[in-house]
Amino acid sequence: MEVGNLIKLLSTVCLLGSCSSSSQYLAVNSSPTAPIVYKHETEAVLDLRKLVAEAEVEEAWCYVPEETSWHDVGLEVAVSNGRATVDYDLEKIEKLAVEHKTLDFYHLHPQPMMMNLIAPYLRDPSLSRHYSKQRIKEIFTADGALPSPDDLGSAIYLVCTYQQPHRQKQFRFFIASHYGITNYTPQPELLADFCQFFGGTDLLTLATAFGKNILEEFHPEVIEKKIRGAVARGFPTSLSSDQKIPIEFIPYVLRGSVNH
97 MEVGNLIKLL STVCLLGSCS SSSQYLAVNS SPTAPIVYKH ETEAVLDLRK LVAEAEVEEA
157 WCYVPEETSW HDVGLEVAVS NGRATVDYDL EKIEKLAVEH KTLDFYHLHP QPMMMNLIAP
217 YLRDPSLSRH YSKQRIKEIF TADGALPSPD DLGSAIYLVC TYQQPHRQKQ FRFFIASHYG
277 ITNYTPQPEL LADFCQFFGG TDLLTLATAF GKNILEEFHP EVIEKKIRGA VARGFPTSLS
337 SDQKIPIEFI PYVLRGSVNH
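Residue numbers for the sequence shown follow our numbering, beginning at 97 and rising by one.
The hints are simulated quantities; they were obtained by calculation from the structure and are not laboratory data.
It should be emphasised that the depicted structure is a prediction, and the values quoted were computed from it without experimental measurement.
Don't take each hint at face value.
[Claimed, not checked] Restraint ranges, calculated between C-beta atoms of paired labels, are given here: (1) Pro208 with Asp246: 18 to 26 Å; (2) Thr129 with Glu150: 17 to 25 Å; (3) Arg219 with Glu195: 22 to 30 Å; (4) Lys191 with Arg219: 25 to 33 Å.
Idealized CB from N, CA, C, for every residue including glycine.
Could you build all of it, start to finish, from the sequences and the hints given here?
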């Protein structure tokens, strides 16, 4: 799905808890045999918003637009030091990549997880001298829209491994967080040299380091200002201009959308 189409999609999304017609719902499921869910992205975004508000751990899906099917590709859901993590089921992804031209990868950054992460900071006296507890919560909530180094590393790894050898394939990567959807899709044509030179057993480690380097330029308060501004205006905003992995945030409710 092109970014422009995602924007149009979010422009038509009903508010959470309203107009879903499907009896199937996306859910956090640690079972490797989680059922396939068939529903349009418009409806699935409603499920994602609900899970962002309620889930304690991350989860990941691969959406196949031609079938409007959602495949649970999350593995090893776990919580460590307040942080939820989820790995990708590479065997399932490889099968989907062989069978389909376009794959959209979605995963959650749930709000309860973000609140668990900030608990130590709320108790940190050095921070409390500069920020109120409410301000710390606001900054961390917005920060949840950013991909982590692991998120970027996994996206690069999947592009290099499954998309780069087959240029007709299209992979895209999205995060659902408190305020909206973040697109962080690596550009395969600009990563061709990286994929070729670093391909091998250390690819994921090197790709994660590459992602960490990109995120080092970000300042939490700047990101929070951009995201809250985008939500207030009802327009998408660019969070990173890095051409290899551009990062764009799209609020759930866009200006001109019809809310039900």
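Tested hints:
1. Between Pro208 and Asp246 the CB atoms are about 19 Å apart, so this pair conforms to the stated range of 18 to 26 Å.
2. Checked against the hint of 17 to 25 Å, the C-beta distance between Thr129 and Glu150 comes to roughly 23 Å, which is consistent with it.
3. Evaluation of the 22 to 30 Å hint for Arg219 and Glu195 yields a failure: the beta carbon distance comes to about 49 Å.
4. The hinted range of 25 to 33 Å is not satisfied by Lys191 and Arg219, whose Cβ atoms lie roughly 46 Å apart.
The structure is inconsistent with the numbered hints 3, 4, although it conforms to all the rest.
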